[in-house]
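The task is simple: from the sequences and hints, build the whole structure.
Chains as they are written, first to last, in the numbering used here: chain A, 1 to 318; chain B, 1001 to 1146.
Derived from the structure by calculation, the hints contain no laboratory data. Accuracy of the hints is not assured; some may be wrong.
To be verified - In silico SDA-like cross-links for lysine to any residue, where the CA-CA straight-line distance does not exceed 20 Å:
1) A/LYS282 to B/LYS1088
2) B/LYS1055 to A/ARG234
3) B/LYS1034 to B/LYS1137
4) A/LYS288 to B/GLY1078
5) B/LYS1137 to A/SER236
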Amino acid sequence: MDDFSQVRKEAARILSEKIVDMVIGFKQGTIPLKSQPMFITSQEDTDKLILDGFCQNNLAVFLHDQPKDKRIGIICRACESRAVRALVIEHQVNRENLYLIGVPCMGILDWKKIQDAADGPVTNAQESGDQILLEIGDKKQVLIRNEFIVDSCRGCGHREPIDVDIQIGEISPIEMNADNLPQTWGESFKSKSADERFQLFTEETERCIRCYACREACPMCYCTECFVDHIAPRWSESMVTPGGTQAWHIIRAFHQTGRCVECGACERACPMDIKMVYLTDKLNDDMKKEYGFEVGENEEKQPPFATITLDDKNRFKY
Amino acid sequence: MSHTPKIVLFQCQYCLASSADQEWVENSLPENVKLVKVPCSGRISPLFIMNAFQKGADGVLVSGCMPEKCHYITSNLGARRQLDEFKKFLVFLGLEPARFEFLWMNIDERGVIQNELDAFTSNVKQLGPNKKFNTMKDEIIGQYHG
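Laid out in C-alpha cells, this is it:
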C-alpha cells in the first residue's frame, strides 16, 4: 500500500486522543519474509507500523485474550473485519470498545514458496507493485507476486473490510486469481474418488505433530478448554497417532462449521505444511448451500448450528 | 460372506414409544450391534460418531425423534443439522455413505426399528469391513501402544 503513512497517522491520532488504549498492527520482523504482530500503547511507536504480503497472522486472534472492556484499535484487512464481526455475533468482544481501521488487502504471500523459489537464503524482501524484490546476499532476484499468493487468498470473494470505523486506501481492482496457476489443493481434492480422497487426507494428517499452532492462530478458536485438552473424560485420542491426528483435524474443522472466516491463518501457522483450508471450505460451502449462511455477511444472524427452527421439518429424510 | 459387521446404535431413549420396541432394543439386539442409549439425539456429539468409527465400527446408526416429537422440545433439531452435516463431511473425506445412517422415528409407529436395523445391517454387510478411519481398532492400535 503506497500511502501507509495515513494509517500511521490515524493510529497515532486515536492513541493521543485516548480513543483506544492499544493499537494492534504489524511491524517489520527480525528476519526477512516474516512480519510480526505488534501491540502499540504509545504514540511514538506508530511509525513502526507496516502492512505487506508477509503479514501472515489474523490480528483478530489477539482480541479474545484481552479484557472485554479494554479499548483496542486494530488494523483491519477484510479477514480481520469479518472475524471481528463473527466474534461480536458470538459475544466474545464488545464492538463499542473496538476501533477498526480498514485497509485494503492485496493477498498474503506464501513465504515458504518464495524461499523455495529463491536461489539462496533470502536476506531482504520487498514488495513493489506486482513484483517481489528479493536480495540474496549480494545478488538480486525478481519474482512475480501473483504466483506466490497463498491458496486461501486466491479468488478471494471478500476483499472489502466490513463494518469499519474508518476506511483508508481503496480496494485495488487487481485480480488475484491468475488463470495460469495450477489448481489449488482443495479443487483437486474435490475431483478425486472417495478412496483417493481418504488416502490424501490420511497422508496429510499423518504429518501432524499436534502442536496446535492451527488452533492458536485461529481467531474463532477461543474455547478456554479445547476438547483435546480435556482429560476426564478423555473425549478423543490425544497422542500423535494416526487416529489421534485424524480425529483432531476432523473435529477441529467441524467446530468451525459456519464460523470459519476463511482467512487461512491455520494453514499458514502449520509447521508441517498440512493443508486444512479445504476442510473448513467444504463445510462453509455446505452451510451456504443448505442454509444460505455466510460468515460475516449479516450483523445479527447466528451460525446455522446455533439456530434451531422448525423450518427444518422436511429438510432431511426420515 | 462370513463377515458380520459391527454396528453401533445410538438411540434416543424417548424415540420408541412402544415399550415392546424399547424392550427389544435393550434385551434382544443381535450380538453384532452395540447399543449406546442417550437422553436425546441432541446429546450425540460428532466426536462420538468419530470414536465409534475409529474404534472399529463398520456402521453407525443414529435413531432420534422427528421434529415436534422431541421430549426436550427442540434439541433434536440441532442434532439433525449437526449430524447431517457431519455425515456429508465424512463422505467428503472418503467414507461410504451407507455406513452412517439416521432414523428419525415417528413415535406413533411400532416395530420399525427392527426392520430398519436389519436393512442397515445388510447394507453395511455388502460393503464389507470398514477400512477407513478405523485407526484405533485393537489390532491396529497395538503398533503404537506397544
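Notebook entry, point to check: Is B/LYS1034 within 20 Å of B/LYS1137, Cα to Cα?
Noted result: Holds, because 15 Å separates the two Cα atoms, which is no more than 20 Å.
Margin query: Holds or violated: B/LYS1137 and A/SER236, Cα atoms, limit 20 Å.
Written below: Cα-Cα ~14 Å, so holds.
Notebook entry, point to check: CA of B/LYS1055 to CA of A/ARG234, is that 20 Å or under?
Noted result: 14 Å, holds
Note to self: Does B/GLY1078 sit within 20 Å of A/LYS288, going by the straight-line distance between their CA atoms?
What the structure shows: 17 Å, holds
Item checked: 20 Å Cα cutoff - pair A/LYS282, B/LYS1088 -> With Cα atoms ~9 Å apart, A/LYS282 and B/LYS1088 stay inside 20 Å; holds.
Checked against the numbered hints given earlier, the structure satisfies every one of them.
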